[in-house]
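2 protein chains.
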Amino acid sequence: MFRAVTSASAALGPQAAGWVRTMASHQLLVAPPEVLLKPLSVPNRLLLGPGPSNVAPRVLAAGGLQMIGHMHKEMYQIMDEIKQGIQYLFQTRNRLTLAISGSGHAALEAALMSVLEPGDSFLVGVNGLWGQRAAEIGERVGARTHPMIKDPGGYYTLKEVEEGLAKHKPVLLFLTQGESTSGILQPLEGYGELCHRYQCLFLVDTVASLGGIPIHMDQQGIDILYSGAQKVLNAPPGTALISFSDKARNKIYSRKTKPFSFYLDIKLLGNFWGCDDEPRMYHHTTPVLGLYSLRESLALVAEEGLENCWRRHRETTAYLQGRLQELGLQLFVKDPALRLPTVTTVAVPAGYDWRDIVNYLIDHFSIEITGGLGPSIGKVLRIGLLGHNATRENVDRVTEALKEALQRCPRNKL
Amino acid sequence: MFRAVTSASAALGPQAAGWVRTMASHQLLVAPPEVLLKPLSVPNRLLLGPGPSNVAPRVLAAGGLQMIGHMHKEMYQIMDEIKQGIQYLFQTRNRLTLAISGSGHAALEAALMSVLEPGDSFLVGVNGLWGQRAAEIGERVGARTHPMIKDPGGYYTLKEVEEGLAKHKPVLLFLTQGESTSGILQPLEGYGELCHRYQCLFLVDTVASLGGIPIHMDQQGIDILYSGAQKVLNAPPGTALISFSDKARNKIYSRKTKPFSFYLDIKLLGNFWGCDDEPRMYHHTTPVLGLYSLRESLALVAEEGLENCWRRHRETTAYLQGRLQELGLQLFVKDPALRLPTVTTVAVPAGYDWRDIVNYLIDHFSIEITGGLGPSIGKVLRIGLLGHNATRENVDRVTEALKEALQRCPRNKL
Numbered sequence: 001m002f003r004a005v006t007s008a009s010a011a012l013g014p015q016a017a018g019w020v021r022t023m024a025s026h027q028l029l030v031a032p033p034e035v036l037l038k039p040l041s042v043p044n045r046l047l048l049g050p051g052p053s054n055v056a057p058r059v060l061a062a063g064g065l066q067m068i069g070h071m072h073k074e075m076y077q078i079m080d081e082i083k084q085g086i087q088y089l090f091q092t093r094n095r096l097t098l099a100i101s102g103s104g105h106a107a108l109e110a111a112l113m114s115v116l117e118p119g120d121s122f123l124v125g126v127n128g129l130w131g132q133r134a135a136e137i138g139e140r141v142g143a144r145t146h147p148m149i150k151d152p153g154g155y156y157t158l159k160e161v162e163e164g165l166a167k168h169k170p171v172l173l174f175l176t177q178g179e180s181t182s183g184i185l186q187p188l189e190g191y192g193e194l195c196h197r198y199q200c201l202f203l204v205d206t207v208a209s210l211g212g213i214p215i216h217m218d219q220q221g222i223d224i225l226y227s228g229a230q231k232v233l234n235a236p237p238g239t240a241l242i243s244f245s246d247k248a249r250n251k252i253y254s255r256k257t258k259p260f261s262f263y264l265d266i267k268l269l270g271n272f273w274g275c276d277d278e279p280r281m282y283h284h285t286t287p288v289l290g291l292y293s294l295r296e297s298l299a300l301v302a303e304e305g306l307e308n309c310w311r312r313h314r315e316t317t318a319y320l321q322g323r324l325q326e327l328g329l330q331l332f333v334k335d336p337a338l339r340l341p342t343v344t345t346v347a348v349p350a351g352y353d354w355r356d357i358v359n360y361l362i363d364h365f366s367i368e369i370t371g372g373l374g375p376s377i378g379k380v381l382r383i384g385l386l387g388h389n390a391t392r393e394n395v396d397r398v399t400e401a402l403k404e405a406l407q408r409c410p411r412n413k414l
Numbered sequence: 001m002f003r004a005v006t007s008a009s010a011a012l013g014p015q016a017a018g019w020v021r022t023m024a025s026h027q028l029l030v031a032p033p034e035v036l037l038k039p040l041s042v043p044n045r046l047l048l049g050p051g052p053s054n055v056a057p058r059v060l061a062a063g064g065l066q067m068i069g070h071m072h073k074e075m076y077q078i079m080d081e082i083k084q085g086i087q088y089l090f091q092t093r094n095r096l097t098l099a100i101s102g103s104g105h106a107a108l109e110a111a112l113m114s115v116l117e118p119g120d121s122f123l124v125g126v127n128g129l130w131g132q133r134a135a136e137i138g139e140r141v142g143a144r145t146h147p148m149i150k151d152p153g154g155y156y157t158l159k160e161v162e163e164g165l166a167k168h169k170p171v172l173l174f175l176t177q178g179e180s181t182s183g184i185l186q187p188l189e190g191y192g193e194l195c196h197r198y199q200c201l202f203l204v205d206t207v208a209s210l211g212g213i214p215i216h217m218d219q220q221g222i223d224i225l226y227s228g229a230q231k232v233l234n235a236p237p238g239t240a241l242i243s244f245s246d247k248a249r250n251k252i253y254s255r256k257t258k259p260f261s262f263y264l265d266i267k268l269l270g271n272f273w274g275c276d277d278e279p280r281m282y283h284h285t286t287p288v289l290g291l292y293s294l295r296e297s298l299a300l301v302a303e304e305g306l307e308n309c310w311r312r313h314r315e316t317t318a319y320l321q322g323r324l325q326e327l328g329l330q331l332f333v334k335d336p337a338l339r340l341p342t343v344t345t346v347a348v349p350a351g352y353d354w355r356d357i358v359n360y361l362i363d364h365f366s367i368e369i370t371g372g373l374g375p376s377i378g379k380v381l382r383i384g385l386l387g388h389n390a391t392r393e394n395v396d397r398v399t400e401a402l403k404e405a406l407q408r409c410p411r412n413k414l
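One line per chain: the protein sequences are A and B, in this order. Mind the numbering: the first sequence is residues 1 to 414 in our numbering, read in order. Mind the numbering: the second sequence is residues 1 to 414 in our numbering, read in order.
These are computed hints drawn from the structure, not numbers from a lab. One thing to keep in mind: the hints can contain errors.
[As the list claims (entries may be wrong)] Quick list of in silico lysine-lysine cross-link-like pairs, DSS-like style, CA-CA up to 27 Å:
no.: 1; chain 1: B; residue 1: 267; chain 2: B; residue 2: 256
no.: 2; chain 1: A; residue 1: 258; chain 2: A; residue 2: 169
no.: 3; chain 1: B; residue 1: 267; chain 2: B; residue 2: 73
no.: 4; chain 1: A; residue 1: 38; chain 2: B; residue 2: 73
no.: 5; chain 1: B; residue 1: 267; chain 2: B; residue 2: 169
no.: 6; chain 1: A; residue 1: 73; chain 2: B; residue 2: 334
no.: 7; chain 1: B; residue 1: 150; chain 2: A; residue 2: 150
no.: 8; chain 1: B; residue 1: 267; chain 2: A; residue 2: 403
no.: 9; chain 1: A; residue 1: 38; chain 2: A; residue 2: 169
no.: 10; chain 1: A; residue 1: 258; chain 2: B; residue 2: 169
no.: 11; chain 1: B; residue 1: 258; chain 2: A; residue 2: 169
no.: 12; chain 1: A; residue 1: 258; chain 2: B; residue 2: 150
no.: 13; chain 1: B; residue 1: 169; chain 2: B; residue 2: 159
no.: 14; chain 1: A; residue 1: 267; chain 2: B; residue 2: 159
no.: 15; chain 1: A; residue 1: 258; chain 2: B; residue 2: 267
[To be verified] Pulled from the structure, derived: some chain B residues nowhere near chain A, Cβ distances all over 10 Å:
no.: 16; residue: 137
no.: 17; residue: 198
no.: 18; residue: 326
no.: 19; residue: 327
Ideal Cβ positions, reconstructed from N, Cα and C, are used throughout, including at glycine.
Could you put together the complete structure from these sequences and hints?
Printed below as a string of structure tokens:
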């Protein structure tokens, strides 16, 4: 039964009367923070690490447009445009395609939370931080998680994957196309077909690779694909892209248990994004301005054309790698065919502390490059050429800066 | 063992060679979407629903500043300023205070995922949609969830809560201060103390109320408090505010199981936000531009002063409620002391379809007000005066528009 509060005195009651009295008697214990009374200022940086990258001017402008409601029809139109943009970038016709209101990591978690049920077998390629994360979440949600552990720089052959599939009979396999912590590119051709022969779904992380290297979700038999906004797309972090094949959708829709997360429940999100035949139901307040930006970043790739975008990353990164070798630096991934065309890893040059080099570039050139992450910490320097940052001019800037850093930073300190 | 890939041929292998060959042979199956080749445009709207509200100009400008890295020292400084701002708005000295990279709903989920373990008893005030959500998540994570169900417009007395505490011995009680779906204000004085007498933690949702009405987290014995960015704060949706008392922190730190979510794991997030004594570890890429905006929105409240901000909302909403009654409209919450000073609910006037009124205001005035949500759908119209939207000028605009809508919309249609 639904009714309004009809009697003021009955509704108020002794507690509420007391509350009104007492509330007024509290004093403020915490004063306005001094630091907030000063203006906000941020430095201007060229972000040539593994991401986030600099936001493209048109994307930044889109994020500065005024708010509309998350359920206004104009917003649904923008969401539909985003869906089409993701379908283009992923090369898929999957209906269950949408953006997640969170980072790339949230998209991974949405996939695992929605697909895996407790007790499901889950096979994970762990050749860097992202596989470690996938395995960690698999364990948290109660899947029987089977990590295939490799040193950073390793990738998975079809034979290795087939052994894992035969042994563990997983419902899901996770691989990272662009393992940004080591700079390795995971081959994807034939893996989807192989998984399907073993009744296994195929999940691929393309956070650090999407837009920089070909992916063909449907033709490669990938069941779940996700990526982030803040890499090649040059959108601000805070949204992520994800898509599910019919096979993956069926697994989600035939769950026996609800996913632990409501926020990342793909069935509910799919409804809100208009991916089913039901009326859209309110789910959460989406990051409206972040979605404007994401829409615009997808539009930029659509205008350039995917193949042109791939070529630009390949050529610019090849130019970078040549210049780095001219400086006497060693690329961490020896085989050119296995190097990411987005994030390049360089072995930390002998005798240097990697922190000195990274700090020198920030302090003297306002250029960000980074050290390793997770298992690659202390082993590599990472240089990203992502989206509109992937230009020969930026390669020249960063290599000149590195040249000076190598001359000025202390050697044989370690 | 960590090693670089040293042999090109060994690393490449037959699969990779095949992959390089095959990859080039795929054709693009999905063309660039036509809709993305048109410019993005969004209408200018006065958002006087229950949120999101219009983004304040200074907040919008902050979100248009250029990106820096999520782990740059300047970003840590901004995060520290946000923490202090949240401490001020919540009136707390809790060290475990931070922003969540998601909507207000994500903050609720972070709280429940991090505090509740399977089998824990969880008591929930369900007098609208937000309590329904809390109960739903409680069930998803395996807590023994005990909803106290009330019709929209109801609130919980100390006596009712004490009965629930005595009967269910919960580890956690959830109440919503500002139930925006019905417009009711939940009294909070004495509830924290009562909970602690029963060894229960006290969790309060202030998404629709923070900044518009007093809250004194520490003095009111609230253990977990959260709110959103897109209401009184006038920041874009996509970040949320949360804080934990030492009692709540201890419950989280003494868990026997890991939370199901890694993305919303408060222990890990607390570390990344510098809330413990450990070095900050990378967790996820935070929404950098959203955090700029959040910082600026907190600065605006710090400049105005909390007490002034509370008074402005109280006075402007009282003015609105008077004008609505002059139009012959009935306020859904009869007792003035129990009406939210942020979101006002009006009973749908007899004979009208609420959709006609809402659409009339959008179509003729570009003003958003909304109907009900969840259990209040079809029963109420909702008008929000949130943050910089809380002005007498906006009250005049929306009441004039409503007056015209009531004259022009069909009556006795239902």
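Notebook entry, point to check: If you draw a straight line from the CA of residue 267 (chain B) to the CA of residue 169 (chain B), is it 27 Å or shorter?
Noted result: This hinted pair holds, its Cα atoms lying about 25 Å apart.
Note to self: Holds or violated: residue 267 (chain B) and residue 403 (chain A), Cα atoms, limit 27 Å.
What the structure shows: Since the Cα atoms of residue 267 (chain B) and residue 403 (chain A) sit roughly 41 Å apart, the hinted pair is violated (cutoff 27 Å).
Margin query: Next pair to validate is residue 150 (chain B) with residue 150 (chain A); report whether the Cα-Cα distance is within 27 Å.
Written below: Given that 27 Å is the threshold and the Cα spacing comes to 55 Å, the pair is violated.
Notebook entry, point to check: Is the hinted pair residue 258 (chain A) and residue 169 (chain A) satisfied, with a Cα-Cα distance of at most 27 Å?
Noted result: It holds: about 23 Å lies between the C-alpha atoms, which stays within 27 Å.
Next item on the list: Below or equal to 27 Å on CA atoms is what counts here, so check residue 267 (chain A) against residue 159 (chain B).
Entry: Not OK: residue 267 (chain A) and residue 159 (chain B) at ~39 Å, beyond 27 Å, violated.
Check: Would the pair residue 258 (chain A) and residue 169 (chain B) pass a check requiring their Cα atoms to be no farther apart than 27 Å?
Finding: holds, 26 Å
Check: CA of residue 73 (chain A) to CA of residue 334 (chain B), is that 27 Å or under?
Finding: violated, 33 Å
Check: Is the straight-line distance between the alpha-carbon of residue 38 (chain A) and that of residue 73 (chain B) 27 Å or less?
Finding: holds, 17 Å
Check: Since residue 327 (chain B) was said not to touch the interface, does its Cβ keep a gap of more than 10 Å from each Cβ of chain A?
Finding: holds, 18 Å
Check: Is the Cα-Cα distance between residue 169 (chain B) and residue 159 (chain B) 27 Å or less?
Finding: Roughly 15 Å between the alpha carbons, so the hint for residue 169 (chain B) and residue 159 (chain B) holds.
Item checked: Status of residue 326 (chain B), Cβ more than 10 Å from any chain A Cβ -> holds, 20 Å
Item checked: residue 137 (chain B) non-interfacial with respect to chain A [C-beta, more than 10 Å] -> violated, 5 Å
Hint compliance for this structure: hints 6, 7, 8, 9, 14, 16 are broken, all remaining hints hold.
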